[in-house]
Amino acid sequence: MMAALHTTNRAMFWRIIRRLFGANRGRLFVMLLALGAGATVTAALLNLQVDAKNRLTTEFRVFGANVLLVPRDSGAPQGQAALDEAILNQVPRHWEGGTVRAVPFLYYVGTVRRMVRQFNPPEHVVLVGTHLDELGGLAPGWKFAPTGPISLEPRLNRCILGTRVASKLQSTPRDNLELFILPGSEAVPAGKDKSYPGDFGTIAGVVTTGGPEDDQVFTELDALQKLATKELGAPPGRVSVIQVSVPGSPGAVKRFINEVSAKLPQVEVRGVRQFTEGEAKIYNRISGLLTATVGIVLLLTALCVMAAMTNVAMERKMDVGLMKAIGGSVRRVLRLFLVESALLGLAGGAIGAAVGIFLSIGLGKAVFGVAARPRLIVYPVAVALTILVAIISAYPLRRLAAIRPASVFRGEA
Amino acid sequence: MFLRIVADSFGRRPRHKLLTGAALALGMGVATAALSVSLDVGDRLAKEFRSLGANLLVTPQADSLPLEIGGVDYRPVNAGAYLPEADLPKLKTIFWHNNIVAFAPELQFSVQTARWDSSTRELKERDQNSFIGTWVNHRLALEDGSAYSTGIDKTNGWWKVDGRWFDETKRECVVGSKAAARLHLHIGDEISANVPDPSRMVQLYTSFVVTGILYTGAEEDEAIVTSLSRAQDVSRLGRQYRKLYVSALTKPEDAFAKRDVKSFTPAEYDRWFCTPYISSIAFQIQQELPGTDVRVIRRVAEGEGQILTRVQMLLWLVTGAALLAAALAVGASAAASVIERRTEIGLMKALGAGSGTVGFLLAAEQLLLAFVGGGVGYALGILLARLLGEKIFGVAPEPSLIVFLVVVALATGVTILGSALPLRRASRYEPAPILRGE
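Going down the list, the sequences are from chains W and R. Anchor point for the first sequence: position 311 equals 311 in this note's numbering, and the numbering is continuous, going up by one each time. Each number in this note's numbering comes from the position in the second sequence (counting from 1) with 1000 added on.
Some hints here could point you the wrong way.
What the hints assert, rightly or not - In silico DSSO-like cross-links for lysine-lysine, where the CA-CA straight-line distance does not exceed 30 Å:
hint, chain 1, residue 1, chain 2, residue 2
1, R, Lys1262, W, Lys168
2, W, Lys254, W, Lys281
3, R, Lys1160, R, Lys1170
4, R, Lys1092, R, Lys1154
5, R, Lys1391, W, Lys281
6, W, Lys53, W, Lys254
7, W, Lys254, R, Lys1391
8, R, Lys1258, W, Lys254
9, W, Lys281, R, Lys1047
10, R, Lys1391, W, Lys143
11, R, Lys1251, W, Lys143
12, W, Lys53, R, Lys1160
13, W, Lys226, W, Lys143
14, W, Lys143, R, Lys1154
15, R, Lys1262, W, Lys263
16, R, Lys1092, W, Lys281
17, W, Lys53, R, Lys1251
18, W, Lys324, W, Lys143
19, R, Lys1154, R, Lys1262
Stated by the list, open to error - Stretch by stretch, here's where chain W covers chain R in the computed footprint (C-beta under 8 Å, at least three residues):
hint, region
20, 1066 to 1075
21, 1081 to 1094
22, 1296 to 1303
23, 1306 to 1318
24, 1390 to 1398
Calculated from the structure, these hints are not laboratory results. Note that CB positions come from ideal geometry on N, CA and C, so glycine has one too.
With the sequences and hints as input, model every part of the structure.
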């Protein structure tokens, strides 16, 4: 008997809830809209914020290399490129979810001359041996013309000229060059020509950086290594420095430096302070700004939704009055409205959060050019927050418990 | 009568009005804070980015190509061109002189260093070292009579000195951390430098007192750094320098700035010239300092522009979201307050008020609420923005009139939009069923 009554009660409870939803479409719509909008904004901002912070550390790699591997005692760079090329393979290529770019560089003072019919005086330059195809990835700020080294026949030794070298030589892509290494690190004999043959190169592009690279000539690493061995008797397979671009937060870069230092004791691993410090500072500012703005927007979104909801809830006097008049206990009436609010919160949250996450994917694409990765944790968090807000905004209904049915029906309150 | 009804409506239901007003004020508060921060953030972040160092490099135009490896120029001191130091105050006369945050000339060459034992006056060691002359906290007298303080400590903020920087008036220097370790130099030691002069029998050394150890994380760790004038004396070059680093506040380059200057019409040229793009600042410096090549350090400038643009976009998005949320919430509460007043509307209509009058009355009430709520929200938002600005950048954003106007307009627009739909429905109500409570 009791069980049957209980079942009837419960059936009645849900029936009233269904009716409550059906009773006033306009009000339902307003409440859903407020909750849904709140959930949309919450989900979109949360997702975007998590994504943007990660994306920002990737953006910082526009600055190029932030870690250098140099020989422990780099007293005299010229002719003493003491770093073993094999070290390159020991640099981790992935670090905390990002790709590490490491490019070797070998430096010599040398001369370069355009191979044309009339005599051209050789120009003194810094010759740099490196992996040409990886330069663009290491330093996205550098401007190549044409974009990316043009492909030439594989047996040709490709060269990329710094823009000032190119204008000094008045050369254009596909011109041929003669390259020499000058022995000794001291003052370069001005105007003195060399008699022995060096190497030949073909211009594959011009690079503009605004830095010392504008005055350098880049060739493939192994070509310059061979030339150095031939001309100076330098040991093969040596590089001067390995430039590394490590993605991730300032902390991740620091951990990378520590890890590689421990792994390679013969090498000095040092952060480029100009960028590591500047980045850390800027990262902290931007992420603080983002967190603060998003936090405040979320808080006030919740408050706005609550204000709207409460306003709607206050007009429920008639319903409460009626229910009390036909014998509903205060607790039961209150429970009815709380369940209604929670259901509304669930519906608004479920729809709104989904919309918000889709929105953030598009927004991420608009800002960073890469679609933001939807983070699944955001969805339940946003829905839970919405339900919470919905229930809290139903809280003022507690005051309706004090309503006297008779005065409501008389239209007094 | 109109005013009385409005006043009565506020007096009779203060709680309802307060709630709607609070929603409005909160929404507009977020909008104001987000707008103020977004408007301000570009300038603030641009300043932060200056901690990355110079974004312009000035070198002599007629120079032979520098043979720089690891920050050491392998050209002899007498090779290549130099620039006159006397021209430097002109930098602060260009159109965008206020955007030039700092600059520092640099003269780098190789020296013979020597150390004498202080008691026996015997030569302890002799070495080859990189020597840099530059400005630190240098007071520069400008043409208009004022003074301007600048130097490498301002352009390269990441340089750290253990001890203190050298005093430009004394024979002092700081030594790079690696050079100090190699030469066993400590603060207070003396070191002498000289550029060998083959025409002389006796080489004259200039001695310097080490006042600090310099940490840069770059090639300068290997060098000895002193004031420009002392370095000029050592090099016997006269008042000249070789490189000038300029740190300038710029506007990120957009598609317009990336176009070729030669293709501009006069109007476009004026616009370009009067915008602090890095290219136009470089151009103006080049005009002021004849015989120079002003290059944009792309690594810094490009990165700065890109990140700044992205972050600004991101913040505008967050602002947009805030505006949207505020608008929806305000609209919803405006709509709710109209819906719940059906009885009142019915009564007014029964007493002979037309749909227009009713609509006008309700709209006037909402507008009044919008103005008050918007105003309170604006004040709230400004407070919030100040708090945010001070917390993050240490500087509060200036309250701006534009934000106020935008916020009030927004509050009005949103309230009217929010109430428009229910109002239209309200004007169609038949009074009789409503009054009967149906």
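Compare the structure with the hints numbered earlier in the document and write down the numbers of the violated ones, lowest to highest. Failing hints, ascending: 8, 10, 15, 18, 19, 21.
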